[in-house]
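There are 2 protein chains.
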Amino acid sequence: MENKNLDLEKQISEFKNIVRKKGLKFTPQRKKIFEEILKTEGHFQIEDLVHNIKEKGINVSRATVYRTLNIMKELGFVEEVIKFKNKTIYEVSLKHHHDHLICTNCGKIIEFHEEKIEELQNKICKKYKFHPDFHRLEIFGLCHECYKELKKKKRK
Amino acid sequence: MENKNLDLEKQISEFKNIVRKKGLKFTPQRKKIFEEILKTEGHFQIEDLVHNIKEKGINVSRATVYRTLNIMKELGFVEEVIKFKNKTIYEVSLKHHHDHLICTNCGKIIEFHEEKIEELQNKICKKYKFHPDFHRLEIFGLCHECYKELKKKKRK
DNA sequence: CTTTGTGCAAAGATTTTGCATTGCG
DNA sequence: CGCAATGCAAAATCTTTGCACAAAG
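Residue numbers (the numbering used here), protein chains in the order written: chain A, 240 to 395; chain B, 240 to 395.
Think of the hints as simulated: they come from the structure by calculation, not from any bench.
The reader is advised that the hints may include incorrect statements.
Any copy will do: because identical chains look the same in the list, a pair fits if it lies in one copy or spans two.
Listed next, the in silico DSSO-like pairs over lysine-lysine satisfying Cα-Cα at most 30 Å (straight line) [stated by the list, open to error]: (1) Lys391 - Lys260; (2) Lys391 - Lys295; (3) Lys355 - Lys255; (4) Lys312 - Lys391; (5) Lys368 - Lys264; (6) Lys270 - Lys355; (7) Lys326 - Lys293; (8) Lys391 - Lys355; (9) Lys255 - Lys362.
Make the full structure from the sequences, and use the hints.
Shown next, in the form of structure tokens:
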């Protein structure tokens with residue numbers, strides 16, 4: 240628990256330094272948004288963020304949330320990872336790269352990383368003389384729980 | 240050329256039959272939209288479609304284009320494949336499955352298919368007891384031409 | 001003739017932006 | 001103090017929808 244708080248402070252401090260190094264300002268709003276993002280399990284949607292912040296009676300406007308996220312994206316603290324049903328899902332980029340299994344029924348996101356897939360991708364890029372920057376691999380389908388549930392319903 | 244027109248008619252006819260089989264109506268608008276989609280090189284954006292149709296003086300409203308695309312998606316004639324910069328890119332699903340290299344500079348889309356990646360994906364799904372439906376693999380970066388061009392500019 | 005489709009305009013949803021004001025550094 | 005950030009509301013995008021009318025089957 241204490242450990243966690245130390246981590247949190249360390250990350251916020253790092254964020255502060257990087258923001259300032261870029262000639263930007265470290266405002267209470269940016270701090271708050273960053274804290275809220277760290278509290279998520281790694282993935283979040285903007286509207287959830289806005290909602291969570293509003294709920295706690297903290298004054299950060301939607302515009303600021305959007306603007307801050309764009310800055311964080313540029314600074315590499317978050318990534319736009321998934322677009323599904325016209326919603327953008329962001330991801331906190333504190334871990335190493337991974338891809339996603341997305342349940343189209345319950346919305347659950349499972350992360351995975353398969354080095355061999357990354358290698359094959361590089362091979363393909365070479366073949367097409369393509370210079371990759373980043374990629375997204377999203378597998379949509381049903382998680383085990385939803386699959387079982389839907390199979391049960393079908394039987395009835 | 241003649242061959243191509245035969246193909247076209249055959250595909251339109253198939254579309255007509257499937258639409259009717261579903262109890263839906265085969266209207267001139269739906270025919271027109273389908274024809275325009277077939278004319279693309281496999282990928283298109285809704286607004287381009289609307290624009291192309293409008294330009295030819297054909298009367299199909301934006302609402303009808305959106306509604307028709309949703310139907311075509313359900314019927315499997317098109318797929319939503321890429322979300323980039325808040326734009327949805329559709330793909331005509333007449334070819335076998337493939338993935339995409341997307342140039343973030345010029346927007347060019349290169350298609351590829353790598354069976355080994357598909358196999359690895361299946362392996363991963365099994366590991367997580369996930370039941371895949373479809374997937375998207377998008378590699379963003381620079382195509383060879385843009386890479387060369389941007390390198391040249393940087394030097395100056 | 002019934003039911004579905006269309007066009008239009010309005011409404012929704014998501015994201016960006018202009019401008020006056022605030023506040024960090 | 002100067003410049004960047006904020007909040008607000010308006011606007012810009014993209015997409016869906018209600019309703020009256022048209023047309024397919």
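Hint check:
{"no.": "1", "hint": "Lys391 - Lys260", "result": "between (56 Å within a copy, 29 Å between copies)"}
{"no.": "2", "hint": "Lys391 - Lys295", "result": "neither (40 Å within a copy, 51 Å between copies)"}
{"no.": "3", "hint": "Lys355 - Lys255", "result": "neither (36 Å within a copy, 43 Å between copies)"}
{"no.": "4", "hint": "Lys312 - Lys391", "result": "between (42 Å within a copy, 27 Å between copies)"}
{"no.": "5", "hint": "Lys368 - Lys264", "result": "neither (40 Å within a copy, 46 Å between copies)"}
{"no.": "6", "hint": "Lys270 - Lys355", "result": "neither (38 Å within a copy, 44 Å between copies)"}
{"no.": "7", "hint": "Lys326 - Lys293", "result": "both (20 Å within a copy, 28 Å between copies)"}
{"no.": "8", "hint": "Lys391 - Lys355", "result": "neither (36 Å within a copy, 33 Å between copies)"}
{"no.": "9", "hint": "Lys255 - Lys362", "result": "neither (38 Å within a copy, 41 Å between copies)"}
The structure is inconsistent with the numbered hints 2, 3, 5, 6, 8 and 9, although it conforms to all the rest.
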